[in-house]
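Novice: Going down the list, the sequences are from chains A and B. Quick note: the first sequence uses the working numbering, first residue 1216, plus one each step. Quick note: the second sequence uses the working numbering, first residue -19, plus one each step.
Derived from the structure by calculation, the hints contain no laboratory data. Please note that the accuracy of each hint is not assured.
[Said to hold, decoys possible] Chain A is faced by these chain B residues, among others (derived, beta-carbon under 7 Å):
hint : residue
1    : Asp43
2    : Gly337
3    : Thr396
[What the hints assert, rightly or not] Here chain B is said to cover these stretches of chain A; the calculated rule only asks that three of the stretch's residues, wherever they fall, bring their Cβ under 8 Å from a Cβ of chain B:
hint : segment
4    : 1244 to 1257
5    : 1386 to 1397
6    : 1432 to 1439
7    : 1462 to 1470
8    : 1583 to 1594
9    : 1598 to 1606
[As the list claims (entries may be wrong)] Listed below are several chain B residues computed to face chain A (Cβ distance under 8 Å; list not exhaustive):
hint : residue
10   : Phe24
11   : Val150
12   : Arg153
13   : Asn154
14   : Glu158
15   : Gly194
16   : Gln197
17   : His224
18   : Lys225
19   : Lys226
Each residue gets a CB set at the ideal place from its N, CA and C atoms; glycine is no exception.
What follows is each chain in one-letter form.
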Amino acid sequence: MKKWIRYAEKKGAEYVEISSVEGRGTTIELYNGKIRELSSRFKVGYGVRVLYKSKFGNAFSNKEEIKNLIDKAIKNSKVMEKRSEIASCKAVKKRFYTKFKINPEDVDYERKIKDLVYVDKLRKDYRKVNTLKISYFDGTVNHRFINSEGSELFVRDIYTVFVAWAFAKTRNKLENFMEIERGRCGYELMKKSEETARYAMSKAEELLRAKHAKGGIFDVILDQKLGGVFTHEAVGHACEADLVLNNSSSFSKKLGEKIGSDIVNIVDDGNLREWGWTPFDSEGVLAKKTYLVKKGVLLNFLHSRETSKVFGAEPSGNGRNDSLANKIIPRMTNTYIENGDSNFEEMLSEIKNGYYLKGSAGGQVDTAGGDFLFNAKEGYIIKNGEFNGIVKGVSLLGNILETLKNIRLIGNDLKFSGGTCGKSSQGVPISCGSPHILIEKAKVGGL
Amino acid sequence: MFEKLVYFLKKNSDMFEIYSTKASILNIEVFNEKTDFISESNSFGLGIRVYINGKLGFASTSDQRKIMECAKSAIKLAKVNKKDKDFVSFAKKEKCKNLVKINKNLLEYGPKDFLKFHREFISYVKEVDKKIKISSSAYYKIEENVRVINSEGVDLEETNLKNIFDSEAVLERNGRKEALDVSKGELAPINPKIGLDLGKRLINCFNKNPVVSGEMQLLLHPEAVANFFNECFVFAINSENVQHKKSVYFGKIDERICDKKFNIIDDGMTRGLFCTRSFDCEGIPSKKTLIVKNGVLKNFIYNTYTANKEGKESTSNAYRTVETLPIIDCNNFIIKPGKKRLLDEIDKGLYVRGLIGTHTINTATGDFSLGVLEGYYVEKGEIKFPVKNVMIVGNFFDMIKDVELGKSIEHCFCGTGGFYVPELFVPKIKVVGKA
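Just chain B, same shape as in the assembly (with noise of 0.2 Å):
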């Protein structure tokens, strides 16, 4: 459907690259056990760069009726806009394997099927305690398809499909509510079973009580994990703030950043990881990159753009909407097991899992306090009560400086949603409590 564009853009440019997806989605969502939305939806969406004189235009759409108008307006703004001297070439057309396989049985996923799947998650729910009420799910099963094409040569094209369930349980106790959630992306139908983990959890969320103020050990779950590199190591290890000077970690590749047990990988090409794609957005093949070795802080993250600045290739973590250039993000984000059972580990301390306000954190610099929402107090080993009204407060920079690394690791959705990191043990923490 392009042939006419690009015909358009090679005569009109000096290079171009389209980049476009036809997602279809369908919704469901449940209300207090029943559902209650269910939306199907059709979306296209066309961005264009254009790079014209040695300066650069960028623009998109989601009107099929507009694809002419939108390279029109690419090539306007290239010809207002000032030179980028930093700005080499897009991607270099590569061998591209094909590293996606769609999951049949997703693929016929229909809202029938989720209905069951819903039956069977609240029945699994309710054999922890009857009284357990899903006060709300949702569902979101994407089929997106994504092609690239570029004037180096690049026509790339393929298919994802993925699906997304949240659900959140209440139960009401002598008066006192206690809530949780659970969040799970996949690439093939998700297993109903996940609602006896999210029962066991949420009971023993009763009778929860305040620690004292101090300083005491901490054990982060992977989930809690995830979050912090989340926000604050995935933002120190992108290549543009590193080049602006943002990152923390500015200068410091071959340098010791973190406890020697680290081993941290972004991995765009392992199949069957929920991240894994053939090619990113900008049509580079995806690659694996070793981020941190035994501590040492080994490589960035790049797309095209920040690569050329350095002389250096993609490492394939462009991500981006139609709407949006190309930003830099993790693919599959891999922190190496530890050895040790940590929970073990402590004598006095936390083990938290749940953490309100992570988006609080200073991605920047590192420096949180937040609440903790579903956390214990443990002691020799032993798990003794959850607690309430306690906060957290530290750096995560200096904070990933000496720690022990739990033994197995455990997909987290979350960010771009292949999060797959073990627990991590935290020999002191500040913890504010009651006085």
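Extracted from the complex, chain A is given alone in its bound form (with noise of 0.2 Å):
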């Protein structure tokens, strides 16, 4: 590979990067007991990205043609308007492997689907559920970079993800549940595969005795979960610095301001073995613990090499792409709100009328104006302090600048959750995290 580095530095780029990823993994999916998909998948892909005459370009292939691509990706710059510059790194040389217990491929097929037969013979002890999705997916991720600075990374990424999706039903209603497992981990995580199914199928028949909830202002409490992708939603997008930069964020010219109330501390590292694990990006930049907000005043934004230097901050390894063929943008890793210290009884007796909202069934934030909803999959009412039934369908509606400054209590139970974020057309994993936290004021949505 360094062959061609000195290739494209003899045909005038001033820097260049050259990556791979290959990956390869099972899927197993079962309906009733059912094997619908039982399959394996192999992927590579080879990409370039060259800086000539202070223009980006970029080439991609899953054919090992790096001379090609070189070729490409030059030509390609020169059609390029925008003259761009990066921040300098130390060039790093280091190896990354997941921690596992049992690499995945040492387990066989039939065991596999031993296994999540078993989980889907739960079924029987819950009456209303009809159906009963489960997926089970495996992988292994080699993922090389080298550029012209003399950086050489390498990582072996292993994950396992397990998904429970079950619907419940009665004469008239239809409700449904999925609970999803995943880690960047080994089989090992299949551990975990009975109390997620179980958890799925019951809370699938406990919605069909939900009622709508009231819709209105009140104050609400968001579990760990929701707390998460409302720090990812709310927060975490706003301070990418390529939509601070064309003005796309409400936070654009508030570095420095207090945004928040005093509690709120909210950070990005990638180092953290969660979902988000990123090492090093897909610019060879290694993972860094950033504050985004700390004490409630907004410090730093999340940064490429290139929107650090327009910054002049420190390179903070949030430069990703989802392929080697897309744009690599600011990205989030594993974002959270630091553990407070209420605990989550004292939260409980603070309401009088209001929601405690769980779990995520997604959410979405319009960065530039500053509004987001998201949407709680399970909803219970609280009144005078207690549990008064369970809600459904509801979500919040809010203000980021509002609702961090209404953030009253902050929990002491930090947990975290995998997803993929999706920005750009591009998806990556991510994770988000967050203590229960205590919202006044929130505008939530019900019938």
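Since each chain sits alone in its own frame, please combine them into the complex, following the hints.
Specialist: Pasting the structure below:
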């Protein structure tokens, strides 16, 4: 590979990156005990990025035709209008490996099928569940990165995912609940499969009894999952430096300003071995712990090397793309609210008339205007500090800056959950984390 | 290039299917009105399904050096799999007409053409207000060659060419900032005049006001209609979801499911529409399927597997990537228009174009509570002001039981890309606004 770096430099490139990704994996899907899919996949790709006369050019192929890719990338750079500079980085040579107990590749297909069939049979304990879809994915990805500054990086990443999606039905009602367990880990994750499937099935049944929530302005407690999604959607995206630069973030002119209540500390850290683990980003920058918000004050944005240069900030290891063919842009990794000092019972007792909202059914933010919406999987009415029945279909609409100021209590029970974050048509693995949080005067949507 | 593979699969399986793609993609991104990303990518993909002794196996690869290994993996998986009594066969050979004509102008369209388009697009936006900025745009030109070969005599090949353009415009006025998107997918080069409409919509977004919570009338723009139907309705008419009793329309064929003004068609074969193709991802020639007639459910959409399970024929709705088994999705999704100009119907209500959080709609049950991103308060048929901080709440499947349909249809780039739908008037919706 190194000879191609020299080739590109000879052709006049100021900076060159060559990356390759090789991935393989298995998928097994069961519908009510019957195997819907049993498959294996193998993927390979090569990407080149050059900076030529201060302009970027890119090319991708799944053939190992690096010379051709370099020629194409240089050709493409000539059509570019924008000149780019990148923040300087030290050359790094390092290798990273996922920590795992059981390599999924050492577990044969028969055993995997047997384990999934066992989980499926739990259906008999849930009389109203008429369909259970179980999905299992595992994979190994080898990602290599070299650049003309002398960096040589490698990661062997192993992941395992288990999904249970239960549908419960009575004569005229249909409800569903999906629960996902995933990790940058090995087959040991499947120890949690029974618990995960049972949770999905019992919640689908419970939702059959749920009423629609009453909409309006309420005090709410968000659980760790929904608190995490709030952190990600409402704060994380608005901190992405590219959005800040083109004025489509509501934080654009707010660096150093107080944007939230004193107790709010928000961090992004790709080092954590959660679902958003990114030991080095797509530009070969090592992961870093970055405080986005400290004591309510907006401290930092998330950067690629290019935005770092513009802001005069240190590269933060957040330059990512979802495929070597796509543009590298600032993305989150593992983003979370730090623990506070309240406990859950204390928070509950603070609420006279409100909701406890649990789990995430997705969210979206309009970063420029600052409005966000996210949907809870389960909601519970709180009356005078006590739970008073389950409700469904509850979502929360708010404005980032208003809501951050309305965070009154933060719990001491931080937890992470993984997901895929979509931005500019690219999906990357991320995790978000939070303790329980109490938000005052939130807008809750319900029938 | 597959002779050796076909020979090997004939010898080692009872039935087989090869699905392969070759794609070349031009991707250009513009940031603050200057291009800042250009990439060309070429990719290959191969998915092999085999059927051996009543059992299925599936493997995929993007590495041209690993074609035979991929076939061997599929065979190995079939051997460890359990018998599938519902599988009958891969697609049978049928006569297949060529329905796709590649647009020559688009074929020759390169980075320089795009840059010219984008400059014109920006000048159309700024014709409305010079201060509007295009914060980011993304362009994809996708040329994809698909080939399906199977043991039943199918050997079909076709090349499709599409281009997709997204852009966000931002305007700041008196310290307030508003942003709006446009998203287009077309089979020919895109007209830069779409910038004019984007600019006009954006300047209408200022001076937003809240509305009071309560029940009111709702008019949905075709884009919002397409989003709703894509999230809920397409799930409910998907035969796999019906067979697994995940769909609210299970057992409802020949029953009234929605307003009798609805006539809905899935159309894979009308030339020139966005999703038209000569054959689907399993090699079934494209068809036209009547889904709803006068509010009565007539058909679900099928691939060969779900069709065989019911002794029916596939409706040519198989979609897939090489990495996945064929799933079921809609081709061109067409709702026939009504007769009225619907804005005039509104006494007091909302006109909604952009929604926030449409992917949070509960696909299976249809429950939704969504934020309004681009919407207006309307009184006596007249738009009064843009709204802010408003949610609409309801159930999709109940909502479509009583509606009026707008008198023209628009192409909306949503889901598989080919939604052709009118405006929809809903007489009563719950709105959460200010107290």
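Novice: Would you mind marking each hint as holding or not holding in the structure?
Specialist: Tested hints:
Annotation: aspartate 43/B was flagged as interfacial toward chain A, and the flag holds, the nearest CB pair being 4 Å apart, inside 7 Å. Checking glycine 337/B against chain A by beta carbon gives a least distance of about 4 Å; that is within 7 Å, so the hint holds. At its closest, the beta carbon of threonine 396/B sits 15 Å from a beta carbon of chain A; the interface hint therefore is violated under the 7 Å criterion. Against chain B, the segment 1244 to 1257 of chain A contributes 11 residues with a C-beta closer than 8 Å to a partner C-beta. That satisfies the three-residue criterion, and the hint holds.
Under a criterion of three residues with beta carbons nearer than 8 Å to beta carbons of chain B, the stated coverage of the segment 1386 to 1397 of chain A is upheld, 3 such residues being counted. A count of 1 residues in the segment 1432 to 1439 of chain A with a Cβ less than 8 Å from any Cβ of chain B is obtained; the coverage claim is therefore unmet, three being the minimum. As drawn, the segment 1462 to 1470 of chain A meets chain B at 3 residues by the rule of a beta-carbon pair under 8 Å; at three or more, the given contact holds. Counting residues of the segment 1583 to 1594 of chain A whose beta-carbon sits less than 8 Å from any beta-carbon of chain B gives 7, enough to reach three: the coverage restraint holds.
Evaluation of the coverage hint for the segment 1598 to 1606 of chain A: breached, as 0 residues show C-beta separations to chain B shorter than 8 Å, against a requirement of three. Among the interface hints, the one on phenylalanine 24/B holds; its C-beta lies about 6 Å from the nearest C-beta in chain A, closer than the 8 Å criterion. Satisfaction of the interface hint for valine 150/B is found here, the shortest Cβ-Cβ separation to chain A being roughly 6 Å, below the 8 Å cut-off. Restraint check, arginine 153/B versus chain A: the minimum CB separation of about 13 Å is more than 8 Å; hint violated.
Below 8 Å, beta-carbon pairs count as interface contacts, and asparagine 154/B has none with chain A, the closest being about 15 Å; its hint is therefore violated. Among the interface hints, the one on glutamate 158/B holds; its C-beta lies about 6 Å from the nearest C-beta in chain A, closer than the 8 Å criterion. A hinted interface residue such as glycine 194/B counts as satisfied when its beta carbon comes closer than 8 Å to some beta carbon of chain A; here the least separation is about 10 Å, so the hint is violated. Checking glutamine 197/B against chain A: minimum C-beta separation of about 17 Å lies over 8 Å; hint violated.
The restraint placing histidine 224/B at the interface with chain A holds, with a minimum CB-CB distance near 5 Å, inside the 8 Å limit. Interface restraint check: lysine 225/B against chain A, minimum CB-CB distance 5 Å, threshold 8 Å, status holds. Among the interface hints, the one on lysine 226/B holds; its C-beta lies about 5 Å from the nearest C-beta in chain A, closer than the 8 Å criterion.
Hint violations for this structure: numbers 3, 6, 9, 12, 13, 15 and 16, all remaining hints satisfied.
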